[in-house]
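Visitor: If you're matching them up, the sequences are chains A and B in order. With this note's numbering applied, the first sequence closes on residue 188, and no number is skipped along the way. With this note's numbering applied, the second sequence closes on residue 210, and no number is skipped along the way.
Source of the hints: derived by calculation from the structure; they are not laboratory data. A couple of the hints might just be wrong.
To be verified - Below are the DMTMM-like pairs computed for lysine to aspartate or glutamate, each with C-alpha atoms no more than 20 Å apart in a straight line:
hint: 1; chain 1: A; residue 1: 57; chain 2: B; residue 2: 184
hint: 2; chain 1: B; residue 1: 77; chain 2: A; residue 2: 32
hint: 3; chain 1: B; residue 1: 88; chain 2: A; residue 2: 32
hint: 4; chain 1: A; residue 1: 57; chain 2: B; residue 2: 47
hint: 5; chain 1: A; residue 1: 21; chain 2: B; residue 2: 184
hint: 6; chain 1: B; residue 1: 39; chain 2: A; residue 2: 82
hint: 7; chain 1: B; residue 1: 88; chain 2: A; residue 2: 71
hint: 8; chain 1: B; residue 1: 88; chain 2: A; residue 2: 181
hint: 9; chain 1: B; residue 1: 86; chain 2: A; residue 2: 90
hint: 10; chain 1: B; residue 1: 39; chain 2: A; residue 2: 30
hint: 11; chain 1: B; residue 1: 39; chain 2: A; residue 2: 78
hint: 12; chain 1: B; residue 1: 73; chain 2: B; residue 2: 47
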Amino acid sequence: MTNEEAKRILSAYRPDREDSGDRFFEDALRQAERDPELSRWFKEQRRFDRSVSAALDGIEVPAEARREVVAAARVEARVRQFPRLITGLAAALVLTGGLVFAWLGTSLSGNVDDSQAWLKEGDRVPEVTVRTRDKEPLDLAEAVREQTSLLVNPDYRDRLSAEEILEVAEALSR
Amino acid sequence: MADDWEFKELVQAWYDPLHRFAYSLTGRREDVVDLTQETFLKWARKRGTLRKRSKTKSWLFTVLYRQSLDQARRAIRFPNMEFNEEGVSRGEGSEPRRRLDSESAVQALASLDEPFRGPLALFYFRNHSYREISEILDVPMGTVMSRIRRGKDRLRVKLETSRESGNPVIPFSRKETGS
Numbered sequence: 015m016t017n018e019e020a021k022r023i024l025s026a027y028r029p030d031r032e033d034s035g036d037r038f039f040e041d042a043l044r045q046a047e048r049d050p051e052l053s054r055w056f057k058e059q060r061r062f063d064r065s066v067s068a069a070l071d072g073i074e075v076p077a078e079a080r081r082e083v084v085a086a087a088r089v090e091a092r093v094r095q096f097p098r099l100i101t102g103l104a105a106a107l108v109l110t111g112g113l114v115f116a117w118l119g120t121s122l123s124g125n126v127d128d129s130q131a132w133l134k135e136g137d138r139v140p141e142v143t144v145r146t147r148d149k150e151p152l153d154l155a156e157a158v159r160e161q162t163s164l165l166v167n168p169d170y171r172d173r174l175s176a177e178e179i180l181e182v183a184e185a186l187s188r
Numbered sequence: 032m033a034d035d036w037e038f039k040e041l042v043q044a045w046y047d048p049l050h051r052f053a054y055s056l057t058g059r060r061e062d063v064v065d066l067t068q069e070t071f072l073k074w075a076r077k078r079g080t081l082r083k084r085s086k087t088k089s090w091l092f093t094v095l096y097r098q099s100l101d102q103a104r105r106a107i108r109f110p111n112m113e114f115n116e117e118g119v120s121r122g123e124g125s126e127p128r129r130r131l132d133s134e135s136a137v138q139a140l141a142s143l144d145e146p147f148r149g150p151l152a153l154f155y156f157r158n159h160s161y162r163e164i165s166e167i168l169d170v171p172m173g174t175v176m177s178r179i180r181r182g183k184d185r186l187r188v189k190l191e192t193s194r195e196s197g198n199p200v201i202p203f204s205r206k207e208t209g210s
């Protein structure tokens, strides 16, 4: 290794870091111990490095700067949280609405199921006929099935006349 | 609250080194606080996505270095026409001599070309291994070392020029510095 090569390597040497145990520097360090000219150069190099390091370590840092960073981070966190809060509230509202809707749907379909289960017990439905609005004779069981489902369906509920509902009710009470 | 505590710990540990690094890169006190603050705020925003907490230190220095490069590019395109307070504040303070030394070292370092500034600053602050410096600057380790060597030569010239102009800063002998 020439002195020039050793200088190139030793320029990057920092004895106060793990460089001191790094094999990369070993040969150059050994050569600096042997060669007086290289040794002089290396000492001067170290003095220069220490001076620059000390000068840079002496850079003054404003005392309040750290507090300002922490305060700025808090403000930013709050600003970031606000849209999240709004989104969260909107999501909660949609979820609640969905749950209410689902519960209502289950409740109504449960009524229909109960009615249909009751109607399957054919012996409870008398073999009678009733006349509907268009005066056509109908099978009572069929009429009750149809009209019960119409009764629980809000789309059709208003289409039944009071007379028709009464006819069904009377037939059932007989 | 745990997040807040972690953030405070991080600021406590790394604010000063980052601040000094930023100053040595820019040489402008008015930019340093913003650069350092923005680095920490970026960490706060992205900490959930950072995979390795052990790399936090390198991450902070990398972000600050890249921000300083972006800022330098912007400064070239849009030169700052604001009043520079540097000249007014220089020499003030309780330790004028020491302040002058640091100030001159920073100004000499900051006046170097960009490829030498980062490697030299990280070399002199001694917070990082060469592997970390290589990661922060995103250049191979061999390049880092060669830039340090060439950068030192340039820094010597700058400081000598400063000394010859009647402002002795770093004690070193010109005769012994030849490589």
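Visitor: State for each hint whether it applies.
Guide: Now the hints, each set against the structure:
Restraint check: the Cα-Cα separation between residue 57 of chain A and residue 184 of chain B comes to about 16 Å, which is no more than 20 Å; the hinted pair holds. With a C-alpha separation of about 31 Å, the suggested pair residue 77 of chain B and residue 32 of chain A falls outside the 20 Å cut-off, and the hint is violated. Taking the CA atoms of residue 88 of chain B and residue 32 of chain A, the gap is near 17 Å; set against the 20 Å cutoff, the hint holds. Taken as a hint, the residue 57 of chain A and residue 47 of chain B pair is broken in the structure, with Cα atoms around 29 Å apart against an allowance of 20 Å.
With a C-alpha separation of about 12 Å, the suggested pairing of residue 21 of chain A with residue 184 of chain B holds against the 20 Å cut-off. A distance of roughly 11 Å separates the Cα atoms of residue 39 of chain B and residue 82 of chain A; the hinted pair therefore holds under the 20 Å criterion. For a cut-off of 20 Å, the pair hint linking residue 88 of chain B to residue 71 of chain A stands: about 18 Å separates their Cα positions. A C-alpha spacing of about 85 Å is found between residue 88 of chain B and residue 181 of chain A, which places the hinted pair above 20 Å, so the restraint is violated.
Between residue 86 of chain B and residue 90 of chain A, the direct Cα distance comes to roughly 24 Å. Violation of the 20 Å bound is thereby established for this hinted pair. Of the pairs offered as hints, the one joining residue 39 of chain B and residue 30 of chain A is violated, with about 28 Å between alpha carbons and a cut-off of 20 Å exceeded. Note on residue 39 of chain B and residue 78 of chain A: the hinted pairing holds, with a Cα-Cα distance of about 13 Å set against a maximum of 20 Å. The suggested pairing of residue 73 of chain B with residue 47 of chain B holds, with an alpha-carbon distance near 17 Å, which does not exceed 20 Å.
Of the numbered hints given earlier, the model fails hints 2, 4, 8, 9, 10; all others are met.
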